[in-house]
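Q: This is what each chain is made of:
There are 4 protein chains.
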Amino acid sequence: WRGFREYSNKRLDIAGIYPPIATPFTQDGGVDYRSLDENLQKYSTIPFRGFVVQGSNGEYPYLTTEERIQVVKRVRQTLPQAKMIMAGSGCESTLATIQMSESMASAGADCVLVVTPCFYRGRMNSSALIHHYTQVADSCPVPVVLYNVPANTSLDLPVDAVVRLSQHPNIVGLKDSGGDITRISLIVHKTRTQDFQVLAGSAGFLMAAYSVGAVGGVCALANVLGQQVCELADLCTSGQWDKAKELQYRLIEPNTAVTRKFGVPALKQAMEWFGYHGGVCRSPLQPLSEVEIKELRTDFSSDGWL
Amino acid sequence: WRGFREYSNKRLDIAGIYPPIATPFTQDGGVDYRSLDENLQKYSTIPFRGFVVQGSNGEYPYLTTEERIQVVKRVRQTLPQAKMIMAGSGCESTLATIQMSESMASAGADCVLVVTPCFYRGRMNSSALIHHYTQVADSCPVPVVLYNVPANTSLDLPVDAVVRLSQHPNIVGLKDSGGDITRISLIVHKTRTQDFQVLAGSAGFLMAAYSVGAVGGVCALANVLGQQVCELADLCTSGQWDKAKELQYRLIEPNTAVTRKFGVPALKQAMEWFGYHGGVCRSPLQPLSEVEIKELRTDFSSDGWL
Amino acid sequence: WRGFREYSNKRLDIAGIYPPIATPFTQDGGVDYRSLDENLQKYSTIPFRGFVVQGSNGEYPYLTTEERIQVVKRVRQTLPQAKMIMAGSGCESTLATIQMSESMASAGADCVLVVTPCFYRGRMNSSALIHHYTQVADSCPVPVVLYNVPANTSLDLPVDAVVRLSQHPNIVGLKDSGGDITRISLIVHKTRTQDFQVLAGSAGFLMAAYSVGAVGGVCALANVLGQQVCELADLCTSGQWDKAKELQYRLIEPNTAVTRKFGVPALKQAMEWFGYHGGVCRSPLQPLSEVEIKELRTDFSSDGWL
Amino acid sequence: WRGFREYSNKRLDIAGIYPPIATPFTQDGGVDYRSLDENLQKYSTIPFRGFVVQGSNGEYPYLTTEERIQVVKRVRQTLPQAKMIMAGSGCESTLATIQMSESMASAGADCVLVVTPCFYRGRMNSSALIHHYTQVADSCPVPVVLYNVPANTSLDLPVDAVVRLSQHPNIVGLKDSGGDITRISLIVHKTRTQDFQVLAGSAGFLMAAYSVGAVGGVCALANVLGQQVCELADLCTSGQWDKAKELQYRLIEPNTAVTRKFGVPALKQAMEWFGYHGGVCRSPLQPLSEVEIKELRTDFSSDGWL
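Respectively, the protein sequence lines represent chains A, B, C and D. Here my numbering is used: the first sequence runs in plain steps of one and ends on residue 306. Here my numbering is used: the second sequence runs in plain steps of one and ends on residue 1306. Here my numbering is used: the third sequence runs in plain steps of one and ends on residue 2306. Here my numbering is used: the fourth sequence runs in plain steps of one and ends on residue 3306.
These aren't lab readings, by the way, just hints derived from the structure by calculation. There may be inaccurate statements among the hints.
As the list claims (entries may be wrong) - Listed below are the simulated DSS-like cross-link pairs for lysine-lysine, each with C-alpha atoms no more than 25 Å apart in a straight line: (1) K1190/B to K2261/C; (2) K3294/D to K190/A; (3) K2243/C to K261/A; (4) K1294/B to K2190/C; (5) K294/A to K3190/D; (6) K2190/C to K1190/B; (7) K1243/B to K2243/C; (8) K3010/D to K3294/D.
To be verified - Some chain D residues flagged as far from chain C (calculated, every beta-carbon gap over 12 Å): (9) D3032; (10) R3034; (11) E3059; (12) E3092; (13) P3117; (14) R3121; (15) V3149; (16) P3169; (17) G3213; (18) F3300.
A virtual CB, placed ideally from N, CA and C, is assigned to each residue, including glycine.
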């Protein structure tokens, strides 16, 4: 079975670039599976390691449990087997996360990406998070990737918790979207004996992350400029740092535009410009204003992408 | 029909004190309906205006959709009709919130309490939140109460959005847990022509909130010291401010202990000390440490409550 | 000697309203002492308890050591003896604060207002701050008032430090500008045996602060609407809470405009509108933009003050 | 004249490593010039580009104006001419900063490091900061280096302000201590046509900063492990990234310990362990507790430095 490696000696290798895919919706608000297929087919010429399904950019908090699973199933059917599916299965409660992880695995996920629970963030200390992730990893039929995204959760998974969790045989890595390069370096350093893999959570610091030992990235921008993000990864892994630097520079502003600055509506808007199906978000996410669209376009054009 | 007043001339009066009830769980992790009943019966001698079911203290993010509805049904069956049920129906998406609000109304809620969606907080500006709440209120069979709780959501519902939403005939008030008394005063001031009702979201600033025009409170501490919180409200509404002040002082430390300082696990621990069923929280919320329990006890005993 | 009470049995009574006066500057950038005099003369008909000289609104970080002392001297010369001078003497180092406090006392200050040092805020824990204030109070020839202003210092003087410091015979009170009414209530409660006096640091929550036991306020808005702020204080101390509430409401927006929203440049602009000398700030503080001036005017006119 | 280049065609080259030197004090609290000399002599064998005098680690907010200038003079006398002196001359007001910059230049500084004014941070927008720095640079006899240190100032110098200021002929670079590698990359990218030089403000992200185009670093840790920080810089500039990475890893924990985690008292404690004069800080900075000292030692020993 693809991806299954429970307590085997060799960890699942998750190195490479993944777009955290957007979820297209139809006019009447349902998931637009046809558009999803077409996006995936368009991505097929790009050397992605795989796809993150139900990351923050997939609007997973706005999908029902059934939709979350169904989307993973559809992506599995459409993709060639060689492409990895990393499915977002995080929920607020430990039990719901365990159940969702099992459903994701059954639906064809090669591994699951588990965001930190955060509603009661005042109580989500190292101890609580270690307990949560250990229970999830113990029962999960596929490997677990930790997911730290403070911009959405207002919480940082403590380094000591990551180090401790890296020793769990079914926890293979961490996606870190915080952008604190010192933290990322330290995590790589402190988990080296564990064959633990760190993925940059954004294209904005992808090269810096590779330079300190990350092995890949989950990059919203790869939904739009996938070939370029993969090329940047290639330049880094082949040690062509000067060329990498030039490309990295030109990806920062478009990346910020579709993430921190304007968020998912901007990602979907930019996808339209580059020939993908983006479309609208589910409410309460609103479309960009005219002014925002203009600024978004500038953020791409000033670096020569539009 | 109790509570139904769609587009009538008179708004639902929500003045008074509400405990946001905790959800007891059985040994095997299910909702403990018997303990829930017993808590409600014990509360029956206290002059509460009603009960908030599925507020933050009810661990609603850890309940399934079915459990959320079922708990409201059970509370409705147990409570006398005169007691108001304000049910938390907020979800991240507008559609899910609409559906949950309808379910809550069908289950017997007199009104619904709708927390600000917050996962994509960078995009949750006034415009998005006005849109969200308007859609929810348009379709909701019972009145809507806005719910601002920045400690959990890392988001403040902007004052201008509250003012705008106060004009909606089916939005009757706001529960504000932020504790910014200037903001609460301003909201009362700017919504006065709308018969809009503000509830303090904590016992820590209940008297101050009354002094500037709030009409009640949803207070975690009322789960433990319900009689005292109601007495404080009485002293305020009857203008006995000096007596109110003395009582208010003694409620601050216990209140902070069961909210910001130690959270829901402390609330449930303190409920046990005062003869209610508290018990454990669902994971990932962990029980208090020995040191925390000791400090919690001091926070009650130093003000003479234990 | 006015104000001197070192280790006497009775603390200096600091109850009442104080404007933290602005510092007018001449065309060539020097302190405009003549305009300062004229402002003070205009204030003489208002029942202020006294004046804060070198608070945040006085642009003290932009004055030289000599200017800071000279301004206090001039105010002392101009004011009748019955009016209290509370002089801001806080510096980053303990030694500099001790020296400045002595200079202020010699220049005629009745008491000194000592802001929390904050540059190394990561190390400014309770212990360091207790040490700092104790040393200052030990050597200061006039009483000390603690000053907590997190908007400028990004630091909150911990409650336990305030409680401990309230036991010092030469520390008579606290000006708290943070606006956290629960915190203010708790401080009043925990320091009651010490005859410790709390002043609200803003007109926005003045009534609420009085309701929980504060004895006065240092209010930027009192530079502009001094009579009204004093009237609000009177309504509070005489128990006319309903009238107080109506007046409090109308002061919130103008207050926010001249403090958190637009800062000192707005305070000085509004002073001009109300017949005082405001003028420009020292650089790097810039004048308001046209748009900001218009909005500032609205914030006064919408509540009927312009 | 060393360093003087006003409006010449070639900017002052500031590439390389600088320790922001600590200020030793005597038993009676004065500046300990003899210990300062001895530290500098001990540093003479390390290939530093120069020294930052009166950075945050020099406790400059606790020095008098005269001491700040005198320390620069003494360092100039002690150092060989080839070593650059970058003197911290930032004050809150523009005028004071101009005067201090002139004094620093007269005292022998090759360039000045100007921290963002921050007390009125709500008004310190791009426009105000551009105005401030332009006035300072216009009049300064030596080149100006911008200084962004949000941990102390709670303010981020906006990228657009940096880009605009990079066009000033007398502003040669930026020291950025924030550690946001995406921001550093973007600043290098957007200022490339200006021969603008970026220095990492900490050893924790020194290698990552070099990888994206920084030309050096001002590193507190270089006061303790100077040879190692210079070696890391060498490995980066000579393209030996794999070796650099290994060394970088081992510097993160000691670096965090003497900066964000325990601050200047820890830097001075560690200096003692490595044969330099550290000693006590001025009040209100307190010595480390026993527990902190133990943890500090572990942060050095776990990476093999003690």
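Q: All hints, please: hold or fail.
A: Hint check results:
| no. | hint | in the structure |
| --- | --- | --- |
| 1 | K1190/B to K2261/C | 18 Å, holds |
| 2 | K3294/D to K190/A | 20 Å, holds |
| 3 | K2243/C to K261/A | 46 Å, violated |
| 4 | K1294/B to K2190/C | 20 Å, holds |
| 5 | K294/A to K3190/D | 20 Å, holds |
| 6 | K2190/C to K1190/B | 34 Å, violated |
| 7 | K1243/B to K2243/C | 20 Å, holds |
| 8 | K3010/D to K3294/D | 49 Å, violated |
| 9 | D3032 | 16 Å, holds |
| 10 | R3034 | 21 Å, holds |
| 11 | E3059 | 8 Å, violated |
| 12 | E3092 | 4 Å, violated |
| 13 | P3117 | 5 Å, violated |
| 14 | R3121 | 7 Å, violated |
| 15 | V3149 | 10 Å, violated |
| 16 | P3169 | 21 Å, holds |
| 17 | G3213 | 29 Å, holds |
| 18 | F3300 | 19 Å, holds |
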